[in-house]
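Q: Below are the chains, spelled out letter by letter.
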Amino acid sequence: MFSENLPSEADVVIIGGGVIGCSIARELSKYKLKVVLLEKESDVGWGVTKGNMGIVHPFVPQMKMLKGKLCIEGNKRFDELARELDFPFRRPGLLIVALNWLQFLAIIIAYFWLKKHKVKVYWISRSKLRKLEPNVNKKAKAALLVPSAGVTDPVQYTIALAENAVANGVKILVNTEVVGIETKNNRVHAVLTDRGKILTRFVINAAGLCSDKVEEMVGIKERKMWHGKGIMLVFDKVFGDLYHHIMAPMPIKMDPRTKGGAIAIYVHGNPIWGPNLIEAKGKSDFYVSEEDIKMLIEKFKNLIPDFPTDWIIKYFAGVRAIDDNSWDFVIGPTKVKGFINASYILSPGLTASNVIAEKVIEVLEKEGLKLVKKPDYNPYRKGIRGINTMSLEELDKAIKNNAKYGKIVCLCEMVSEAEVIEAINRGAKTIDSIKFRTRAGMGRCQGGRCLVKLIELLHTEGKIELDKISLKGEGSYIFVGD
Amino acid sequence: MEEWSGDTVIIGAGLTGLALAAQLKDRGVENVIILEMDEDIGGLLRWLKHLKLISPFDKNEILPTELLDVYRSKITEMNIQVLTNTTAIKIEEGPRVISVNPKIGVLKINAKKVVIATGGREINQYDLRILGSRPSGIFTSLTAIQLIRRFNKKIGKDVVLYGNNEILVEAYLWLKEIGMRVKAIVCPENRKLGILEAISDEGIPFYRKKKVVFLDGLKRLQSITISDENGDMEKIMCDTLILGFGFTPDITILANSAGEIDLEKKVPQIDEKYMTSIKNVFACGHFAKRYTTMKKAIEETIAITDKIIETIN
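Chains A and B supply the protein sequences, listed in that same order.
In short: position in the first sequence from 1, add 21, done, that's my numbering.
In short: position in the second sequence from 1, add 839, done, that's my numbering.
Derived from the structure by calculation, the hints contain no laboratory data.
It is possible that part of the hints are untrue.
[Unchecked claim] Computed, partial: chain B to chain A, Cβ under 10 Å:
no.: 1; residue: Leu-981
no.: 2; residue: Met-1019
no.: 3; residue: Pro-1027
no.: 4; residue: Met-1072
Note that the Cβ used here is the ideal one computed from N, Cα and C, for glycine as well.
All chains, full assembly: derive it from the sequences and hints.
A: Printed below as a string of structure tokens:
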């Protein structure tokens, strides 16, 4: 999937292989253009994207801001995107719950406010709420149901976008870091990487946490990045039916800087709670503290009082890149000709990703890029079919076609050897790359059992030397000390 | 799709499953089928070498490899049917075991009784709530042993051992065999661990009554922070942390089969006859509960075998 050789020229270079960069790559792959995407990590979706909880938001309170508008539009796209790109997505709906009378008053206001903004919303009475969610706090007064809220797997969605872009001619290079951008007469001329130079007239800054560094490369220093950390708790999927909707207590204070967070059932079945929003100590502050965990449990356990909160199987942190001035997306041309921002994409960036990509295309056209549609553009991509989605009949048939479907590698998530090999054939070169593509190692044992098998398959099927096998790319090797 | 039937289906050909199968045969239960997901029988026994166990047959002390040999000959001798490479994924009412095998496809076995002896999963950094970052270089004891034995390679330069379980001692011996350096041993309790006592005399710092609370390093582990009861912290530079806290029941098959789980203890709900909430489906060994040592697990297995066999017959 990933290109080995750095091209010497391109029509457009996208910096950053997150959900935004890959959305833009796929949009651009519809046109007759030479498009190159550069990613410094060993795979796509490993920056801000990976730290996302996977909620496809129905709206954000800041309706008038760019992020508010693009959120509403972006949400609508997901059914078609999921159909075309075959990534997991469903719409369980969002329940905004009033746990006390103050919140009850607030959801009345919120109800009319959502109606006014044409967001589909239903009033859910106390008794109806108990029917929808039998385990919800008995004190709950009422709730609002916003049916368009969805859940997805942000990394699998990003991989799907990238695979489809590559199938339509985009070149994606991983392990390739941009070190500088050359300009001539205040116009982008070339992108310099640690592997060489690409001549280009257009650069898209979709560098996520490094957006500020990339801006600096062309002398843009106006913005200040605020690093917002969010912790997420993942619970054993055995409790994946204790509630069904995405749920949040009705927030009382509305501040663009607060992140409400929610509890959801992840698209793969685990309850997931989070995120909070605290200031991170820099770009690589992925540390989780006991206070973070306690705070999230405190915040949400009122929704489902009987939820067994000590069945956490994993906790992790995401760091978001936020423009400290606007707290909004930064999309558009800059003072440097040909340098276009799609950066500082905070929540709801995942939801808005497809619309953000379209915006970027509009900007490119205005800035003089000639867009000619490809007649042979193929919008479809097939995902890796997991045996955990198969009926027993389908599974039996699959094993008869390929015996490796009958060899289980990851018991917790029920992943077969065939799926792991397919992930390797599609470009997975690290343990984490396999994990994100197949879910092997994502379950309750957190890879204790399958690590040895995954290493073996990377070695035999992926032809990777043992010394080069890593958890997540350079520096995270397994075998050290020889 | 194939459909078989049998008197008793045992899921897991490890220490417990094999002991039970042999005893059942001994008592004249004919049609016993063992399902094993790995390519060979033995479970833990395949990976251990030094740890002294007790034989479920004569109750004498025995080494893992010797015990595995005993099992192998019993299986041939007693004509016990073992299906390797066969993963049980679910148990339906009946009971009926749904499994997959690369050669057969989906295999359904209708049984009079089913015993789950799938063992435990190792307690990991999340179970222990070790916070901080999530780099490469953190292994559970058995995974460490498997990596070393399977690939014959070192898995770190500066290793800290953390735990209180005997498998950690086994891991230490493998580290030593391949020439890895152990920098420190951290034990949450106020005790030494058998053989580790000797090595602490070899000059390896031994931290008693301390817990690992924090991991640092984004790619490979760089350091750990340990803390005592009073919250006094100390940082140890290391690139590898090996956890040895033993096993906890792996509830996966029960979860797939909608069986009841004891939420507090995180173990399957079983009655006095070791039956799970699914009728005629029993639990034993590390699948049924947490054991502090293998010997205790074996002793209890021997004790409960009679009970299970009574019910099965």
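Q: Hint by hint, say whether it matches the structure.
A: Here is what the structure says about each hint:
The closest approach between the C-beta of Leu-981 (chain B) and any C-beta of chain A is roughly 7 Å, which is under the 10 Å cut-off, so the hint is satisfied. Among the interface hints, the one on Met-1019 (chain B) holds; its C-beta lies about 6 Å from the nearest C-beta in chain A, closer than the 10 Å criterion. Nearest Cβ of chain A to the Cβ of Pro-1027 (chain B): about 16 Å, over the 10 Å cut. The hint is violated. Taking 10 Å as the C-beta contact cut-off toward chain A, the hint placing Met-1072 (chain B) at the interface is violated, the least distance being around 13 Å.
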